[in-house]
Amino acid sequence: MRWGWHLIRLWSLLVYGFMFLPVAVVVLLSFNASQFGSFPMTGFSFRWFVELWNNDAIMRAFRTSIVLGLLTAVISTTLGVLASLALVRYKVPGANAISTLLIAPILVPEVVLAVALLLFLNFLGLHKSFTLLLFGHVIFTLPFVILVVQARLVSIRRDVEEAAMSLGASPVQTFFQITLPLMLPAVLAGALFAFTISFDDITGTLFWKPGGVETVPTQIFAMLRNSISPEINALGTVMIVMTVGLPLIGAAIARQLARKSGT
Amino acid sequence: MSTVILDKIVKRFGTFTAVHPTNLEIPEGTFLTLLGPSGCGKTTNLRMIAGLLDPTEGEIRIGGKSVNNVPIHKRNLGIVFQNYALFPHKSVADNVAFGLKYRNIPSSEIPGRVQKALDLVQLPDVGDRYPKALSGGQQQRIALARAIVIEPDVLLLDEPLSALDANLREDMRVELKRIQDQIGVTTVFVTHDQSEALAMSDQIVVMSAGRVEQVGTPEEVYNRPASEFVANFLGASNIIEGKCTGKDAETAALDVPVFGKVPVPADKAPHVSEGAAKLVLRAEKLLLMPQGADTTGMVTSEAVVETVDYQGQTVRYFIRAGDRQFQAINMIDGHPFAEGTTVTVGFRPIDCAGLPG
Chain A
524 MRWGWHLIRL
534 WSLLVYGFMF
544 LPVAVVVLLS
554 FNASQFGSFP
564 MTGFSFRWFV
574 ELWNNDAIMR
584 AFRTSIVLGL
594 LTAVISTTLG
604 VLASLALVRY
614 KVPGANAIST
624 LLIAPILVPE
634 VVLAVALLLF
644 LNFLGLHKSF
654 TLLLFGHVIF
664 TLPFVILVVQ
674 ARLVSIRRDV
684 EEAAMSLGAS
694 PVQTFFQITL
704 PLMLPAVLAG
714 ALFAFTISFD
724 DITGTLFWKP
734 GGVETVPTQI
744 FAMLRNSISP
754 EINALGTVMI
764 VMTVGLPLIG
774 AAIARQLARK
784 SGT
Chain B
22 MSTVILDKIV
32 KRFGTFTAVH
42 PTNLEIPEGT
52 FLTLLGPSGC
62 GKTTNLRMIA
72 GLLDPTEGEI
82 RIGGKSVNNV
92 PIHKRNLGIV
102 FQNYALFPHK
112 SVADNVAFGL
122 KYRNIPSSEI
132 PGRVQKALDL
142 VQLPDVGDRY
152 PKALSGGQQQ
162 RIALARAIVI
172 EPDVLLLDEP
182 LSALDANLRE
192 DMRVELKRIQ
202 DQIGVTTVFV
212 THDQSEALAM
222 SDQIVVMSAG
232 RVEQVGTPEE
242 VYNRPASEFV
252 ANFLGASNII
262 EGKCTGKDAE
272 TAALDVPVFG
282 KVPVPADKAP
292 HVSEGAAKLV
302 LRAEKLLLMP
312 QGADTTGMVT
322 SEAVVETVDY
332 QGQTVRYFIR
342 AGDRQFQAIN
352 MIDGHPFAEG
362 TTVTVGFRPI
372 DCAGLPG
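Sequence lines, in order, name chains A and B. Mapped onto this note's numbering, the consecutive letters of the first sequence carry residue numbers 524 to 786. Mapped onto this note's numbering, the consecutive letters of the second sequence carry residue numbers 22 to 378.
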């Protein structure tokens, strides 16, 4: 039996290696001093990060992505929290159907969703715009927010809210004093999900973005069509730091909050 | 502190009627218990008084004013829930101070009032701790402090002791009653535990299937049950069907199988008239004695011990007399009777009650 476990361990290592080695290579090469974005390493340098900083197109894409991500996070989280409250706390006719409908965008392949929204817009005679792009991102980040927030809300006992109201807090005061603080970890997690998913989405974005607007992923995609510039490695590193680092920080904060609230 | 009146209250959930028309008056300062098995409507009544449920029909008045259209947060009630319902993200002091913030109380006075409430529940030093760091009994005391610090008109207790373990429950029972006596607030207590109800209440309302079976002091409902349900729910009773052969101002003469004629005091059989009647014989009033013992003043019969359920201080016997089985709960004097022993069983007629047949 023992060699069996060793085999499993080895296999896992191979899987992880296969998944993460390319990422490690990108990070490593982003510090390569060479002209070309490939091995061999000729020296350690921050040169490509500086070039990145001075590249207007990339910086513009970066700003677009950040604004888009933040707006998506704010809108998705607000809608998600409200929807979860309605579905969990109030008797809504057809709650199950509504819930399924809101979660559905996760189940539909993104390409299908992207094309569908685009066709719908054509049908309405609307043009592609930043608002539409934002709209699309909200649609497919909303399910994640709802799933996380709903799970948390179910575990918050109703009698805690009833106690607050019996003590004189109005329903709105009860929400801000009791319900929201108790579900804050889930709300933050939902917002982070929404931000990171929006930040590195490419499929939907390619379909929905108006001409001349690029997000970081679509910018990389465009740059790759010409040549593999070492700048892309640097950009990749920044993306990795953001999409991995942010959720980790978020999780740490959430755990801290949860510990303080004792739940 | 106010009188609470339920005026022809009805609560229906769809086609199910949880509370049939109920009238109830809870005088100022009374400790009133709603007692009954689960699903009898006692919690529904409490939640309607609290404003967590709207009555389908009827009116609820607190201190003379109708509260039907007053939302819960404007009713000035203290509620203690079964699972404490403390705010886990607030310290104990903040929990207790919560209700004060919504009242016109100068913020400089709040710490003093919180401390006074914590003193009252005998937990003066836990203010800066979080609820999670406290035991169940301590959490329930804090929940009580939080409910009374706002000086509520009515204190509502929704099975506050049932989440605690047995020993703690009895301590808290005494404690709760002491605090209620001290502040004199009108209190409605919901429980399914008859011993809690008997020990704590000024008035007990026994409920069954959405209806009030009997309202009375603990002694009244225990000694003069108004129905078979009440007789069985409060302690164990033997109900023997028989007939009443005559009734005057003093006694109602009941004739029952096995024991024969039993002259029940008339005031303990108020609704009995000549004809079919039932004798209520409490299990602890039915004594087992060795054959030939002195049974002066008792109604007796021969019986055989069938089952012995030893409980330490007391013992519960199932005995067979004639073709019937009876239940008896006796203090143990020496050794309990063994199964199969033939004994004399007897009771005093004044310990019985009569119900119409």
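Think of the hints as simulated: they come from the structure by calculation, not from any bench. We put the CB at the ideal spot given by N, CA and C, even for glycine. Be aware that a few hints might be false.
Unchecked claim - Below, computed lysine-lysine pairings styled on BS3-like, alpha-carbon distance capped at 30 Å:
1. B/Lys86 with B/Lys111
2. B/Lys111 with B/Lys95
3. A/Lys614 with B/Lys95
4. A/Lys614 with B/Lys268
5. A/Lys614 with A/Lys732
6. B/Lys137 with B/Lys198
To be verified - Pulled a few chain A residues facing chain B out of the computed Cβ check, cut under 7 Å:
7. Asp682
8. Val683
9. Glu685
10. Met688
11. Ser689
12. Leu690
13. Gly691
14. Ala692
15. Pro704
16. Thr766
17. Gly768
Consistency of the hints with the structure:
1. Taken as a hint, the B/Lys86 and B/Lys111 pair is broken in the structure, with Cα atoms around 34 Å apart against an allowance of 30 Å.
2. For the suggested pair B/Lys111 and B/Lys95, the alpha carbons sit about 23 Å apart, so the restraint of at most 30 Å is met.
3. With a C-alpha separation of about 24 Å, the suggested pairing of A/Lys614 with B/Lys95 holds against the 30 Å cut-off.
4. Among the hinted pairs, A/Lys614 with B/Lys268 is inconsistent with the structure: their alpha-carbon atoms are about 58 Å apart, more than 30 Å.
5. Proposed proximity of A/Lys614 and A/Lys732 is contradicted: the alpha carbons are some 39 Å apart, above 30 Å.
6. Distance restraint check for B/Lys137 and B/Lys198: the Cα-Cα separation of roughly 18 Å lies within the 30 Å cut-off, and the hinted pair is therefore satisfied.
7. For A/Asp682, the shortest C-beta to C-beta distance to chain B is roughly 4 Å, which falls under 7 Å, so the interface hint holds.
8. Checking A/Val683 against chain B: minimum C-beta separation of about 5 Å stays under 7 Å; hint holds.
9. Interface restraint check: A/Glu685 against chain B, minimum CB-CB distance 6 Å, threshold 7 Å, status holds.
10. A distance limit of 7 Å between C-beta atoms decides the matter here; for A/Met688 the minimum to chain B is near 5 Å, and the interface restraint holds.
11. This hint holds: A/Ser689 has a C-beta 4 Å from the nearest C-beta of chain B, less than the 7 Å allowed.
12. For A/Leu690, the shortest C-beta to C-beta distance to chain B is roughly 3 Å, which falls under 7 Å, so the interface hint holds.
13. Against a cut-off of 7 Å between C-beta atoms, the interface hint on A/Gly691 holds, since the closest Cβ of chain B lies about 3 Å away.
14. For A/Ala692, the shortest C-beta to C-beta distance to chain B is roughly 6 Å, which falls under 7 Å, so the interface hint holds.
15. Given hint, A/Pro704 at the interface with chain B, holds; its Cβ is 5 Å from that chain's nearest Cβ, closer than 7 Å.
16. Given hint, A/Thr766 at the interface with chain B, is violated; its Cβ is 30 Å from that chain's nearest Cβ, farther than 7 Å.
17. Taking 7 Å as the C-beta cut-off, the interface hint given for A/Gly768 is violated, the closest approach to chain B being about 27 Å.
Violation of the numbered hints given earlier is confined to hints 1, 4, 5, 16 and 17; the remaining hints are satisfied by the structure.
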